[in-house]
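S.K.: Position chain V relative to chain E; hints supplied.
2 protein chains.
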Amino acid sequence: MSQGTRDIEALIETMARLPGLGPRSARRAVLHLIKKRTALMAPLATIMAHVAASARECSRCGNIGTEEICAICANPARQTGEICVVEDVADLWAMERGQAFRGRYHVLGGTLSALDAVGPDELHIPRLLDRIAEEGVTEVILALNATVDGQTTAHYIAEALEASGVQVTSLAQGVPIGGELDYLDDGTIQAALRARKRF
Amino acid sequence: MSQGTRDIEALIETMARLPGLGPRSARRAVLHLIKKRTALMAPLATIMAHVAASARECSRCGNIGTEEICAICANPARQTGEICVVEDVADLWAMERGQAFRGRYHVLGGTLSALDAVGPDELHIPRLLDRIAEEGVTEVILALNATVDGQTTAHYIAEALEASGVQVTSLAQGVPIGGELDYLDDGTIQAALRARKRF
Chain E
0 MSQGTRDIEA LIETMARLPG LGPRSARRAV LHLIKKRTAL MAPLATIMAH VAASARECSR
60 CGNIGTEEIC AICANPARQT GEICVVEDVA DLWAMERGQA FRGRYHVLGG TLSALDAVGP
120 DELHIPRLLD RIAEEGVTEV ILALNATVDG QTTAHYIAEA LEASGVQVTS LAQGVPIGGE
180 LDYLDDGTIQ AALRARKRF
Chain V
0 MSQGTRDIEA LIETMARLPG LGPRSARRAV LHLIKKRTAL MAPLATIMAH VAASARECSR
60 CGNIGTEEIC AICANPARQT GEICVVEDVA DLWAMERGQA FRGRYHVLGG TLSALDAVGP
120 DELHIPRLLD RIAEEGVTEV ILALNATVDG QTTAHYIAEA LEASGVQVTS LAQGVPIGGE
180 LDYLDDGTIQ AALRARKRF
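Protein sequences appear in the order of chains E and V. The numbers in numbering that gives the first Met the number 0 rise by one with no breaks, and the one at position 77 of the first sequence is 76. The numbers in numbering that gives the first Met the number 0 rise by one with no breaks, and the one at position 31 of the second sequence is 30.
Next comes chain E alone, as it looks inside the complex (with noise of 0.2 angstroms):
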């Protein structure tokens, strides 16, 4: 096998370890990338290099970004006393996309969990302890997936936060947009009745 082979094989390899592809689908796209290794692959190359080169977790919510302080928490106009508590990056940007949401974040990077030995202070609870003071915080709002760690770790967090008087509230659980009662499972339903608001 040629060193060029060999490259292409490393390339496959590590295209298949990426979320979402496997060895079949990272063939196709190395493949694709091959075929069009002039309009995409050189440019996916220099700039995949450049992100890896800059990309850098912001030192005080922990969002991805290129600088010291991220872009949202180097803005000013998002100083509006609330905090929202995320587990993840990609949890942020689901927010971001929403538009609805104008303050800060805060990303915990995971859940708790005892299995897996992760603390308050893996996730960053104490950071945001700080920040309350620091920033002027009135309301933190919890938005963790409704699992059972995502909600395990909201508990904690709330009891964390009572001391601080800060309020604490979470995302309103009931029917998505567009869902059918028919498609929804049991507990959502029983939440959305739960909390059935006047029409």
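There's no promise every hint is true.
[Claimed, not checked] To list a few chain E residues with every Cβ distance to chain V over 10 angstroms, as calculated:
| no. | residue |
| --- | --- |
| 1 | L17 |
| 2 | S58 |
| 3 | R77 |
| 4 | Q78 |
| 5 | G80 |
| 6 | E81 |
| 7 | D115 |
| 8 | P119 |
| 9 | I124 |
| 10 | E138 |
| 11 | L141 |
| 12 | V174 |
| 13 | G177 |
| 14 | I188 |
| 15 | A190 |
[What the hints assert, rightly or not] Taking lysine to any residue and the SDA-like style, the derived pairs with C-alpha atoms no more than 20 angstroms apart in a straight line are:
| no. | chain 1 | residue 1 | chain 2 | residue 2 |
| --- | --- | --- | --- | --- |
| 16 | V | K35 | E | K34 |
| 17 | V | K34 | E | T13 |
| 18 | E | K34 | V | K34 |
| 19 | V | K34 | E | Q2 |
| 20 | V | K34 | E | L20 |
| 21 | E | K34 | V | T65 |
| 22 | E | K34 | E | Q2 |
| 23 | V | K34 | E | K35 |
| 24 | V | K34 | V | A52 |
| 25 | E | K35 | E | I11 |
| 26 | E | K35 | V | T45 |
Everything labelled a hint here was simulated from the structure, so no lab data went into it. Keep in mind the model is a prediction, meaning the values are calculated, not measured. We treat Cβ as the ideally placed atom computed from N, Cα and C, and that holds for glycine.
M.R.: Frame of chain E; chain V shown alone:
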């Protein structure tokens, strides 16, 4: 939006253009890459730039390699007098994984298509005819996909080769290994029955 955020957005958009990845899975992949930017993203960018700069089509068979002539064509042990005609490099890779064919390949780069204005010249069929004389070919194995376009192309090549006196064969059609009859389409059952063999 900062330059860093724009770079990340551009990376997501470029990744989303790969086959098998959409906007959502591209976001997940990029986030995964950023989290493992030293261990995964930087090496991936390096190897991708390397392959983008060095990959090229073999001038003889159309396979992808790094030299004027690919590793298979350059290997004298593979001059067996057999040429396997495939539609695409992905099919060549599939044949190589099978480890059953020891001859050389000819990659068409597609199938004949009146609608897309793909004619014999686009598929390097004249080059295939040249190779038969040059390389002392005795058998051409048509390993085209069992689709209408693939089979139309196979018939065209078989006719074009008639005058050359070379033996033209095609892959057997029938029940796949591990296949259950109940899940096979009618055409496959019919083909397998017509081509039945003494047990």
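S.K.: Provide an ascending list of the numbers of those earlier hints which the structure does not satisfy.
M.R.: 1, 16, 18, 19, 23, 24
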